[in-house]
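Number of protein chains: 4
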Amino acid sequence: MLIGYLGVQPEDHCNRFKGRGYIIPMTRKLLMHVGPVTIDYDVLVAGLRGDVGFTSQEFIDVMSFSLKFLRKLVGADESYQPFIIPGSGTAAMEGVVSTLRRGDKVLVVSNGVFGDRWKALLNRYPVAVDVLKANPGDYVKPEEVEKAVEDEKYTMVTMTHVETSTGVREPVGEVAKRIRDKVELIVVDGVSSVGAEVVKMKDYQVDVYLTASQKALGIPPGAGLLVLSERAVSRLSDESVAGYFLNLKNWLDVMRNLEVSKGSYFATLPVHLVFMMAKAFELIEREGLENRIKRHERVAQGIRTGLESMGVDIVAKRPEAYSNTVTGVLLKKANPADVLKEVVTEGVELAPGVHPALAGKYFRIGHMGWVTPNDAIATLAVLERVLKRLGEPINLGEGVRAAQLSFS
Amino acid sequence: MLIGYLGVQPEDHCNRFKGRGYIIPMTRKLLMHVGPVTIDYDVLVAGLRGDVGFTSQEFIDVMSFSLKFLRKLVGADESYQPFIIPGSGTAAMEGVVSTLRRGDKVLVVSNGVFGDRWKALLNRYPVAVDVLKANPGDYVKPEEVEKAVEDEKYTMVTMTHVETSTGVREPVGEVAKRIRDKVELIVVDGVSSVGAEVVKMKDYQVDVYLTASQKALGIPPGAGLLVLSERAVSRLSDESVAGYFLNLKNWLDVMRNLEVSKGSYFATLPVHLVFMMAKAFELIEREGLENRIKRHERVAQGIRTGLESMGVDIVAKRPEAYSNTVTGVLLKKANPADVLKEVVTEGVELAPGVHPALAGKYFRIGHMGWVTPNDAIATLAVLERVLKRLGEPINLGEGVRAAQLSFS
Amino acid sequence: MLIGYLGVQPEDHCNRFKGRGYIIPMTRKLLMHVGPVTIDYDVLVAGLRGDVGFTSQEFIDVMSFSLKFLRKLVGADESYQPFIIPGSGTAAMEGVVSTLRRGDKVLVVSNGVFGDRWKALLNRYPVAVDVLKANPGDYVKPEEVEKAVEDEKYTMVTMTHVETSTGVREPVGEVAKRIRDKVELIVVDGVSSVGAEVVKMKDYQVDVYLTASQKALGIPPGAGLLVLSERAVSRLSDESVAGYFLNLKNWLDVMRNLEVSKGSYFATLPVHLVFMMAKAFELIEREGLENRIKRHERVAQGIRTGLESMGVDIVAKRPEAYSNTVTGVLLKKANPADVLKEVVTEGVELAPGVHPALAGKYFRIGHMGWVTPNDAIATLAVLERVLKRLGEPINLGEGVRAAQLSFS
Amino acid sequence: MLIGYLGVQPEDHCNRFKGRGYIIPMTRKLLMHVGPVTIDYDVLVAGLRGDVGFTSQEFIDVMSFSLKFLRKLVGADESYQPFIIPGSGTAAMEGVVSTLRRGDKVLVVSNGVFGDRWKALLNRYPVAVDVLKANPGDYVKPEEVEKAVEDEKYTMVTMTHVETSTGVREPVGEVAKRIRDKVELIVVDGVSSVGAEVVKMKDYQVDVYLTASQKALGIPPGAGLLVLSERAVSRLSDESVAGYFLNLKNWLDVMRNLEVSKGSYFATLPVHLVFMMAKAFELIEREGLENRIKRHERVAQGIRTGLESMGVDIVAKRPEAYSNTVTGVLLKKANPADVLKEVVTEGVELAPGVHPALAGKYFRIGHMGWVTPNDAIATLAVLERVLKRLGEPINLGEGVRAAQLSFS
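Residue numbers (the UniProt record's numbering), protein chains in the order written: chain A, 1 to 408; chain B, 1 to 408; chain C, 1 to 408; chain D, 1 to 408.
What the hints contain is simulated information worked out from the structure, not anything from laboratory work.
Keep in mind that a hint or two might mislead.
Straight line, CA to CA, 25 Å or less: simulated SDA-like cross-link-like pairs of lysine to any residue [unchecked claim]:
id, chain 1, residue 1, chain 2, residue 2
1, C, K262, B, P356
2, C, K119, B, Y265
3, D, K262, A, L390
4, A, K249, D, N135
5, A, K105, D, R102
6, A, K119, D, R102
7, C, K133, B, Y265
8, C, K249, B, A120
9, B, K388, A, K119
10, C, K388, D, R102
11, A, K262, A, K119
12, A, K388, B, N291
Treat the numbers as computed from the prediction; the structure is a model and nothing was measured.
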């Protein structure tokens, strides 16, 4: 809102949106970010409840619905256990520690910043960690992972389905197939994939699929989501190296009770966020998960076609590495920070680059959640104009035209 | 929301948005209509109050603020009297009857359906009405009006600033200058202009400027707004031919009291809508009225350029007839009804044509309120694709490219 | 919201709620007013839609649902024609003029300010008007009306089901039975009754039942609602004395089209308000209309019991005049204006008295819409404390105790 | 909302509210719970933003404002470091682990379930833990704590300001004074106190004060809040035994950057919740923190007076153990589970008892956040009626009368 909070200058906000000869009204901004993303108001409005507590039957019921739906989202069946916990994607990652014991060995397959995060996280615990790393823009090949688990015995292998820092997609299904028999636990970070990429947890025989609310599910941030195989659940015990709040053992009975609509408590769940989540899940059900993935695919393709036609390069190095949700954009002359600042004045907000190897050379477009071809076209149009103004060699009008042809 | 009301099939809504291989989430639709238009959520949210009555001080205060702001919107000074009444633009038109007496003679300057509406309305009262009519797409020339008021004595001349049925703009300032000395009352229907076109009520010496909430002001429908000159106010009396509810004499003291923050009642005002109105006015103040008009002008120009480049014609026949708010689009082969039905499936809603002389040949794009260049680009992109599919000869990609160039 | 609009001092709002040693947060206020009333947030939230126009299929569908539901609310069948028009209760009253022709004669049965309003309104038209008046707090007896229509030939008799200015209920069913054969049209103003009192339009053979959105239906103000018998509909014609906007003839086809989910236009309907209305109707359906009336009855009884036990008198003079929706409270010593000002500081807002014969002697409590026994208890508690402070002889604690016993 | 999510039966909700001869509309329920509580709609609505990401300047600004305000809430000065992290109160408790090293020794002062939680939590880490326990309804005396820290060397002492399971308040200021020189770190769990009890972090020389969003601050759940002294901050290091996500060292720079309005990232913050938090903080500022505490005190006192007068006992054993936020209610005959189920049908939701020593003997009333005397009266009234119906010996009407007298 334009009206600011005490001590915050609302005029600043207004100035920030002053464009080239006109002003973009504030709530009409497109948030083409990596999460949170532009959120459908039906989702936001579902949390507008002044009277729901964690023991309210209406909360218990939507929690039950959400847990069940989460299974479907990752392609799991009744034998898998879903968890919705307070926190974020990183909290969900740390929840995985609940399945590890002192001395376990983990192989981290890393395509960027969020792959590397597994190492930093696991290093806080008494477990051993090895990392297989791809160059920026590329992904670790399935055969490399296969070789690594043949050379060495690992309890767990972690992969990042879509690496949010570069927009690169790992072929997790193929990797899983190759290593399934050689490791105890296969973990996939689906933070930028669940809801927008094909996810077949059961078919791939993955043990943990995790994600966060604010990504392709199009919900505000505040929850980490995990689904565990029976094998993974069987490892939740007092022997694990996990702490307390993010220890899934403490949440197990709570989730099981809530799923059958029985009140249960360990720590306070983000009640209002779960109402929003249930509404998002309902909208996903109505759209159809396949349709939703297809929509993301088309939008992503339109954006990439548009970017190439306007004359900029994409971080992901090969077509099979392209993701449906995030695209890194490499610049030749313009400064990414200036681009981000300038596009906001025309009603589009993009995400900064975070991969240290590409620092100062790229920015990111998130295209997930409730995103439409209309958002893609508008984003490309703003980007063309802004990049041109900032000295990047751009074929003005060609990006939007190419995207338009791709959508027709 | 996807969830329907009792007896309404929510599936219908969902189907309606099924596009070409993807589905547009429902609340991401662009409403490029002639009113209501796409509304900023900050405006809508301002009405979310469960506890305000018409005697609540907080209502009285925002009513006071809104009345004062309305004067600024039309370029009037303190000597002018603003009115905010329940109803719509047509209710505001009928409010004008409060200044007429039995036997008065009115000249209606009509450029289309809403010009003609004055005649139908005034015919319900004991006053005489003559009409000066333009061909569809054109406007009545100032010199024609001047001649008419020289040939015959009229109490009142009514004009329509922007004719919503065709998107044609009347040069009301010039007309007013030419006829000012020859008629008692000059009335301008500013329904599709106030907030988006230059309006200088005092400079033009206009006696009544009226508008509606749901047009360029970007508020939901539910209120008619009028500003009256002292001369017009002096004619509010028991001798007028007006009825009761829309008789401005009954509202005069109420408006005067509310403006000085004193509670007052004649009939119940749309309390929640006035909160939304005040928020919209506040946003307009922050944007700056001049900036807002400039924004509308740029968007309108981009849309017209895009339409011409994709290969369709515009209803308004000459550039000086173009308006900032509504553009009629003429089709050669496609059926307008099919176009309207089809664009919705891609997330854009447009308005049907209503001018009887052009029936079945055109549709309208509304571009007012909180509209941005991003909305224009997205609308043109959808339109190009849909028209192409429906057999209209279209240069695919050329419309969006031309608009893009116009915005850079 | 505490944050004010430009030019409005938010501090004022804050001060206004400063109570006796504590401050009541602003949105927790109880609006025990005569309309608008405390509104359920589910109803308000249903209007939070930034993308619906009057030709949007989703609007057309909820309008269809609302029209059908309106018939049920007044106990009419398919042969009756419902209307939802922009405006208010007074606009709905003036809509009745659409059934009158030059020279028709109307008998107004008046129990107070809103009864008298019929005369002021009808006097603007070329029809004759007689008035039968009750003393303040009383109602015109059925036999008096019967006698009047026997003595003189009237085209129309109007009654006010619950007189909002005094809270007095007219036995409209009995009156209708006595006069049915002697007049052409029986009209009931159900503004403070529909949704909270028993209304059997068909059984009573009433020709027009009208109401407003912001009363017992618990919707924001902005619409007038009417249901007409076939006989009333047959009188909608060009010969009527009605004007244009409130001329039901102009709305007839629109309502018929919208009811069968066909788009139709005469003037712009309050689109967002209709979404709220449909939600309210849905909630009424789920509660059950009979349950809803029973809830109003219990709350009203609790309030009256509480008032009497604390030691104040009620305006309505006899039990059979009591209404389910409005109670006038007579004061012995305290000034009503002071009471209204003071109760707000403790989080309850009441309505001023408006009957000229009781000026300065009473105020009103509205108890309609989504009102609960909890609201009644809280209101009585605040009232006891405030009246005591302002010098009224009050048995502190006795009012709430008596209400409590009445609810158990 | 009555309309349910897919797979959830909305009828269930409706039935749940069917009372004794009437139905309570759903969103009018009073949530007198221990958190989340009844939330002011101004707070909820502040989160209704579809376009804010964690790098959006508007988020960074409200985060800056919120961090600064958090210091004021606990009575700290600029030398203290505030943290707002995703999670809940338990997450904030585990954040305290960031200040502990292998082998540290902690004394837990426990008055109930949430005191005991410190032990369970700390047991997951390589630190030693001793517990000083009070009987249910009582608190550990300051002199007992003093003696314990004299007998044994502890790195840290933890206290629970208000024990949510029993509503008992610990005199934390006095304890802190007695032990300040004898321990390195004093930690207070202010989950049910900050915003409603006097908190003077600096005066007491406490090192960590923590709380959660959904308690007396009146915000939805989803964030843990902590303020650390310089001494506590100096212990954030790689040597701590903490994990990753809840390791405050990882959040330190993020909080420092955000406070000076510089974008910063470690894990995704609950962006929308922070907007709600900032609005709540703004409302608290306007109310005045002292006024707010006084309001809680008066409401709590009214509730206790009412409970005693109706004839039930309170869990807290002595007046100096009473808290402003939670009251445990002991039953003689009725089953607490039945009481909770039944009060909901009359529009009030209360919290179950959780102290194992009192299992089946009590329930809890939460009275915090935006709670008013009106809520207290309504709650007592419902409770009286329900307890009476369920066979508890109750003086019907005496509870509400006594509360009423206490408020006047």
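Against the structure, the hints:
1. Distance check on the hinted pair: K262 (chain C) and P356 (chain B) sit about 19 Å apart at the alpha-carbon level, within 25 Å; holds.
2. About 18 Å separates the Cα atoms of K119 (chain C) and Y265 (chain B), which keeps this hinted pair within 25 Å; it holds.
3. For the suggested pair K262 (chain D) and L390 (chain A), the alpha carbons sit about 23 Å apart, so the restraint of at most 25 Å is met.
4. Of the pairs offered as hints, the one joining K249 (chain A) and N135 (chain D) is violated, with about 29 Å between alpha carbons and a cut-off of 25 Å exceeded.
5. Restraint check: the Cα-Cα separation between K105 (chain A) and R102 (chain D) comes to about 23 Å, which is no more than 25 Å; the hinted pair holds.
6. For a cut-off of 25 Å, the pair hint linking K119 (chain A) to R102 (chain D) stands: about 22 Å separates their Cα positions.
7. The hinted pair formed by K133 (chain C) and Y265 (chain B) meets the criterion: a straight-line CA distance of about 23 Å does not exceed 25 Å.
8. At roughly 13 Å between alpha-carbon atoms, K249 (chain C) and A120 (chain B) fall within 25 Å of each other, so this suggested pair holds.
9. With a C-alpha separation of about 53 Å, the suggested pairing of K388 (chain B) with K119 (chain A) is violated against the 25 Å cut-off.
10. Distance restraint check for K388 (chain C) and R102 (chain D): the Cα-Cα separation of roughly 64 Å exceeds the 25 Å cut-off, and the hinted pair is therefore not satisfied.
11. Under the criterion of a C-alpha separation no larger than 25 Å, the hint pairing K262 (chain A) with K119 (chain A) is inconsistent with the structure, at around 37 Å.
12. Of the pairs offered as hints, the one joining K388 (chain A) and N291 (chain B) holds, with about 24 Å between alpha carbons and a cut-off of 25 Å not exceeded.
The structure shown violates the earlier hints numbered 4, 9, 10 and 11.
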